[in-house]
Structures are given as C-alpha cells and as structure tokens.
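Undergrad: First to last, the sequence lines map onto chains D and R.
In this text, residue positions in the first sequence follow the numbering used here: the first is 1, and each later residue adds one.
In this text, residue positions in the second sequence follow the numbering used here: the first is 1, and each later residue adds one.
Be a bit skeptical, because a hint or two may be false.
Partial pick of chain R residues on the chain D-facing surface, computed with a CB cut under 10 angstroms [as the list claims (entries may be wrong)]: (1) MET419; (2) SER536; (3) PRO556; (4) LEU576; (5) SER577; (6) GLN578; (7) VAL588; (8) TYR590; (9) PHE611; (10) ILE612; (11) SER613; (12) PRO615; (13) SER633; (14) ASN636; (15) GLN639; (16) LEU641.
I should point out that these hints are in silico values taken from the structure, not numbers from a laboratory.
Everything numeric in this text was worked out from a predicted model, so none of it was measured.
All residues carry an ideal CB built from backbone N, CA and C; glycine is no exception.
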Amino acid sequence: MGLITALLMQLGQMLLVIAVAPGVTGLVRKMKARLQRRIGPSILQPYRDLRRLFGKEVVLPQNTSWLFRMAPYVIFAATWVATSMVPTFETGLLFSWSGDLIAIVAMLGVARFVLALAALDTGTSFGGIGASREVMIASLAEPAMIMITFIVALIAGSTQLTTIAVTMTTAGLRVSLAMALVAMVIVALAENARIPFDNPATHLELTMVHEAMVLEYSGRHLAMIELAGSVRLVLYISLIGCIFFPYGLVVNDTGLLVHAAALAAYFAKLAVACVLLAMLETSIAKMRVFRIPNLLGIALMLGLLGTLLLFVKASM
Amino acid sequence: MSSFLACVAALLATSGLSLILIRRSFATVTIYSFCLVISLALSVLSVLAIGAAPSTIVLPIGLPWLGAHFRIDALAAVFLAIVNIGAAAASLYALGYGRHEHEPGRILPFFPAFLAAMNIVVMAADAYGFLFAWELMSLSSWAMVMAHHRREGTTRAGYVYLLMASFGTFALLLAFGLLAGPGGAFAFDAIQAHPLTPGLAGLVLVLVVIGAGSKAGLVPLHVWLPLAHPAAPSHVSALMSGVMTKVAIYAFIRITFDLMGTPAWWWSLPALLLGGITAVMGVLYALMESDLKRVLAYSTIENIGIIFAALGLSMAFKAAGMGDAAALALTAALFHAFNHMLFKSALFFGAGTVIEATGEQDMENLGGLIHRMPYSSAAFLAACLAIAALPPFNGFASEWLVFQDILVSPHLPQMGLRMLVPAVGVLLALSAALAAACFARAFGITYLGRPRTAAADNAVEADRWSVSAMIVCAVLCLLAGIFPGVVIDRLQPAAVLLVAGQMPPQMHIAWLSIVPISASQSSYNGLLMFGFLVLSATLTAGVIHRVSSRAVRHAPFWDCGYPGAGPVAQYSAASLSQPIRRVFGTIVFYAHEEIDMPAPGDIRPAKLRRFISDPIWDYLYAPIARVVGAVTSAMNVLQFLTIRRYLGFVFITLVVLLVVLTIWG
C-alpha cells in the first residue's frame, strides 16, 4: 500500500509539472504584457499553441539525420526526469534518491548537449550560432551550478534534495546561502534563456541563442521542445523554492489537508516567481553576447566564495 | 602469477614471430589475432586476480645480484585489467584497421612488444625491471609513432617524444635511486622497508611528478603528447592515450602511495594543483584545436588532470588518517582511469575510421558522416556523451564520485588544503562543462551537418572489425555507467591495500544504487536514470505519435531568402568555439583576431586572422631550447681537436674528480 501510494505521488508530481508548465509560461507572458500596458494573450495560450503544433505536419530540413528527429524526445525526457527528482510540494519522493542535485544538473546537461547537436545537424549557420553561444553560456553556468550545489550540500550535509529541503527549513540565514541564492537566480535566468541572457520572444539573428537552435523545428517536434522549455522553467522555480524557501513542503505526513495546503503553497510560489520574473524581464535589457560571461562569472565567483566560506568555517 | 608471465612471454614471442612473417600477406591478421587472444586471457586473469591474495615470483634474470621480482597485488591487478581490456579492444580494431597499413612491418613487431612492456611495468617489483620495461614501453611506442615517418610533422613528434620520454625515465631513475638509498635495495619490498626523511621525500615526489607526470601528460610536461599520440596509427593512438597514460598513473600511485611510506599532507599539493590546472588547460587546448586526433589527445590531458586531482585528494585524506574518504577518492581516480581507457579508445578508433574513410583528419574538412557511417557514428556519439560526463554513461559516475569526495574535504585538518580544495573543485567543474562543449563540437562538426569536402561526401562505413571494436567499447561505457557498483566493488581491494579504508560494498544496495558514504548523504542510480530516460522518451514518443499529426514533409532548410549557401556557410570548428576562445582563450592563450576590412569600393577580399600562442611552449620550453642550443654551439669548438688535447681533457677530468672525492670523503 505504502509503495503504491508513493508511486502514485511520484507519478502525480511528474504529471502535475507537465500540466502546470505551459500555464507558468503563459502567466509570465501575461504579466510581462500587463507590465508593458498591453492586454496580452490569455494564460492558456501556450496550451493552445501546443495543441496546434501537435496537429501540424513536421517539416524536416533535408540532410538531417535520425538524431534531429530523436532529439526533441530525448530533450523532453531528460528535462522531465530531472524535474521528477525535484520536490515540488512533497519531499521524500519515491525516486528522489536515484539522483541528487549534481545528477539533476547533469541531466539538464544531457538535454543541452543533444539540443546543440540537433542544431548542428541542420547544417545551417543559424544552428551553428545558437549552438556556439549555448555551449559558451553552459561552460560557465554549469560550473556555477555545481558550486551552488557545493554550498547547499555543505550546509545540509547531503546532495539529496529531500534532505536539503528538510534541513533548509531550520537552517536560518547565512551569508553563503545568500550568495548561493543570487548565483542560482543568475544561473536559472541563463539556463532558461531569459533576459538578460537571451530573449525568448526574439527572432533577430544577432540576439538569438535558444531560438536559433530550434529554428528548423516544426510541428510535434517543436511542441516537445517548447514543452521541455516550460518544464525547465518550472524545474528551476521548484528548485529555488525547495532549497531557499522550503516553506509548506510536506515532510512525512499523510494528511489530505496538509497536502492540499502544500499544493496551494507550491502554486503560490510559482505565481510569485512568475511575477518576479516578469518584472525583472521588463525592467532590464538584454545583454550583448560577450557581456554574458561577466554576469555568469559573477555567479561562479559567488559560488566559489560561498564554498570557501563554508570550508574555512568548518575549522571554527 | 606464472600464467601472467606465460602470457607476457607469448606476447614477446608474437613480436618475434612477426619478424618471420613480415613479408606474408596474412601477417597482420595473425599477429593481431594472437594479441587479441592473449590480451583477453590476461584481462580475465587480472580481473580474477584483483580479489585474490598477492602473488610474488623471483626469476633469475636481469641483474645477477637482484634477479627479476614480479608481484601482482590488488593495485597491479586493477591496472593489468585496464591495460589488457584496452589492448584487447585495440587488437580487435586492428584486425580490420591494420589491413589498411601500407607498411605493416613498421608496426607489427612493436605492437605486441608494447603490450608486453606495459604488462611488465605493472607486474615488476624491483626498480631495475620496472625501469627496463618502462623504457621498452617508451621505445616501442616511439617506433610506432615514427611508422609514418614521411608524413609532415611526424619526425618532430618523434623527436620531442623521445626527448621527453628519456627525460622522464631519467627522473624516475633518480627517484628510484633515492628510494633505494645508498644500500642499493632495489626490490620494492626492500624500498618499502626503509623510510625517507622529509627532505628526500620532497625530492622523490618532485622527481616522480616529473617522471610519471610527463608520461601521463600532466601540464606543463604534456608538450609531447598532442604531437606523438596523433602521429601514430589510430589503434596505437588509442593504446597510448587510453592505456599507456594509465601505466604512468600506476607508476605515480605505486611510488607515492606504496613505496614512499606514510604520506605527509603536503605530498598532495602537486597532484591537486597540477591536476586541477591540467584538467582545465587540457580541455581549453582541445577547444582551440581542429585536428580531430589532436582534440582527442588534448582531452586525454584533461582526463589525466581529473585523475591526478582525485589522487591528490586521496593522498590528503590518507595523510589525515581518514581512510574511507581516501578510499572514495582513490576509487574515483581508478574508476575514471578505467572509464577513460574505454571512451578514449572508442574515440580514437572513431577518428581512425574517419581518416580511413575520408583521408582527412581536420574537422574543418569533414561533416555529414552520420549518414554515411551510421554504426561508427553512433558508437562515437556514445563515447562523446561518456567523456562529456553526462548520465547515464560511465564518465558521469566517476566524476560524480570526485565531487562527492570534495564535499567531504571540509573535514581536512589543514587550513591550506581546505582553501585549495574548493578551487580545485571549480577547476574540475569548469573542465567538465568545457568537455561537454568540446565533444559537442567534435561530434557536431565531424559527423553532423553537410559534408564540407568531396572526400567527406564519399565516405563509406568502416569494416566490421573496426566497427565492432567501437561498439564494444561504447557498450562497455554504458554498462559501466548503469552498473557503476560492479566496477566500484572490484576496485575496493586496491583501496584497502593503499589507504587502509574502503567504500561501503555497493552490490548489496537496493536497486543497484551507488552510495559513496551513506545513503542519507548522497546516492546515484545509473540504472534507474537510464531506465527513466528511455522509458519517458519512448512513452512520450509513443503518445505523441498516437495523438498528434504524423505527417512529415522534407524541405530545404530556411535560408533567409539567400539560396545557394554552400556547406562552407555552415559553422566550422573554429567559429563554433569562437565565443569560448574569446572568453577563456584571451586569458590563457593570448588569443586575438586581426580583421582586415577593405574600404568600400576596394575589391580586395576581407581577411580575418586568428592568433593563438601556447604560453607553456613560449615561456617554458622555448627558453630551455634556446639555452641548450646556445650552450651546444658554444661547445662545438671542442669537437675537432687533436688527440693530445682530448687526452689532456681526460687527465684534467680525472684530477678534478679525485679532488672532489678527497674533499667529499
């Protein structure tokens, strides 16, 4: 019975993430539009877009290989598997111990690696420019994320997200955690191709990163990639939520009311994150490509400083 | 023990046999099949020997008063397994690849001798046998590097390799001299019995880092590696990169962990520092390079850096008396050595098939091979994923262990180490991310996109032996990534032997997870990761194909309204790494660009030139070469003198030596 419930909870969370993800993207767009004094499309628009894309035919560029056709599914699967290990509203998921925070980062790395290859498979300059910039961003964002993992893991004494979330509820305020939070926000913006790193709404050659890589995708393939992008946004919000604001997470409780409250808290976190993201994106401009490394370098340095602080502190 | 020696003798006999068969058409097949069978036998024997009690034998050959000591303990058995699995894969590959060799006589006698030499280095238990085999290993591999001696650059590669190899052996010779002490106790058990003073230990450490590090490719002693490894035929490159560097790591572990006795904490500094720097420098070099085999050679340097950093951690923990943490780091290092042997072999095999199919090894002239070489490209892709440390492959499992061990290091007692370890952590994290960029580039430019030359357009799939060797390596990469616990458990006897600690047994853990310290701290399950990934990908694909439109149309790609952009308009290897070159290369390699843009109306073509300089060559090796050159030309006057003057010199030298001896004694 316990196993079946746990399995259902795990499956439920995985499905919840997919169900919520387009809505989160829609909410961000809506909030951005409102902040720019536009009415903007409905929050449900991403769902409609997905439905329409699923119904359309796929236009495959000539000369692409099996890799191009398989990539969308692998990208989606890797992102989804990574998300399934992040506690959304309940900790102690059945499969959360199959991978820790480092494995989650690496799973997202798989998605990015495959996407970069798919972009190169088209044999166009667009694919190349996107892949080239993406690997540059990743080469700094990934180490920064590993350093954040170190900070969090050193405080919690574990890299398992469940343990981290439980420890963080009582961890209190720390300088290194604040550094980790700032670094994490920078990394999350970079990984989700948001302003100031990339503009999700652009189709201008000089500014594209993520959009350039997926330029040749269409129909159901594009739908999978869009969905994976939305899921990744939810993943990072959940990650920041469960590490830095683990309030309202269910820990070892089976009460229905507790679960409902936790779910409500999770939705509240998502909504707040969407509003903050929209405000950030409206208030700052996109950076030039070669200024991106500076910002990511700051994230990396913050991560290193936070880790050093903890290493030094261990002696006292 | 005797079965091991019999196999090695059989390898040497095969080498002799090749001299007889050299003119026969079946020589290649015969020699490589012999090597394959013997290496397979040795692999099985050595895997079985890992858990067994150490066995020793003394043969009455070599120095008369010393004899030849051989000893196989857990550490030697682990490295024998690495050496011989790699050797078996290379022999299998060579069964097909070797047939394309124009002058097989330049390879065949040396190949079995090289395998035998590497085996003897690992089995030897006295300094004489060790150094003899070490030199045999260097020379036989040098001979194979020189196999294509008429090709441009090969002679220079061979020259630099020979210089660095002799220099390294010289350093090891001095190290063993210091270890043996004035009594001349050259057997390893006698060396272990007599402890070193801290000053001598420091000197031995420096010499070992030079000797073993230069063979392994530690920065700044790596200069020969990216020249020599690519110059050899590809199966030999795979052996040199995947296996011979591991023998060098064995030498480092054997001397520092075993022969030198109880470590002090500062012994870990060179390995940690140089390891971290080597990891990042190696992969940055690789990203600046467009020759496929040189990219692979530089990435070997990166992986050697990771292994050395893990060894440094292990040494620090051992000195601090934290046996289990030291065992974790040592396991990570050995596991990564094993993994690197697998994926680097597969990658060099892949480079060999590409060169065979197209005659090109510059990535800028390749592209689109995935359509023409479907099987080898799939194996190459798997190896790329593995070396980029992406789950569920084996590279991730071993790097994950290294990161877990860094998280234990705040418990180290020395403040200096605690400050250093996070910095090494950043370097390792950077190198892992850059490796992903490097191999997305290597695979993307070589195998994907549109063919950039006619040669790449007309490529055909390699023969079935070559392809099967690649697939075997790729599958082993995946298996070691899905079941890392199996490999980790096999490595524990070596950890118990060297650092007196061990990781918890992994095979009994539910669902085959791996747990480095305790389940509440961290666990990773490659099997579930792989299962989830495959399951969710197929499930999604199935659902999507059921509910959505299945229509597919092939069309030209979007050309922005400028049709006819040829394959040249694609991103190239150089342009793909341009952002990374601007971010990292400007600091490390003084990379800069010169743009010559003609004025409007001028019909000159515009030009963009890249400049990259290698700081280590410019500031370390070039000055040494200049000094040596100046000294030798100054001494040139001594060359053509009369015999009387030479006799005079002999007399003066003798007098000086005697005076020195009188004062010294």
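Undergrad: None of the hints should be skipped; say for each whether it holds.
TA: Going through the hints against the structure:
| no. | hint | in the structure |
| --- | --- | --- |
| 1 | MET419 | holds (7 angstroms) |
| 2 | SER536 | holds (4 angstroms) |
| 3 | PRO556 | holds (6 angstroms) |
| 4 | LEU576 | holds (5 angstroms) |
| 5 | SER577 | holds (7 angstroms) |
| 6 | GLN578 | holds (7 angstroms) |
| 7 | VAL588 | violated (13 angstroms) |
| 8 | TYR590 | violated (17 angstroms) |
| 9 | PHE611 | violated (18 angstroms) |
| 10 | ILE612 | violated (17 angstroms) |
| 11 | SER613 | violated (21 angstroms) |
| 12 | PRO615 | violated (20 angstroms) |
| 13 | SER633 | violated (46 angstroms) |
| 14 | ASN636 | violated (50 angstroms) |
| 15 | GLN639 | violated (54 angstroms) |
| 16 | LEU641 | violated (60 angstroms) |
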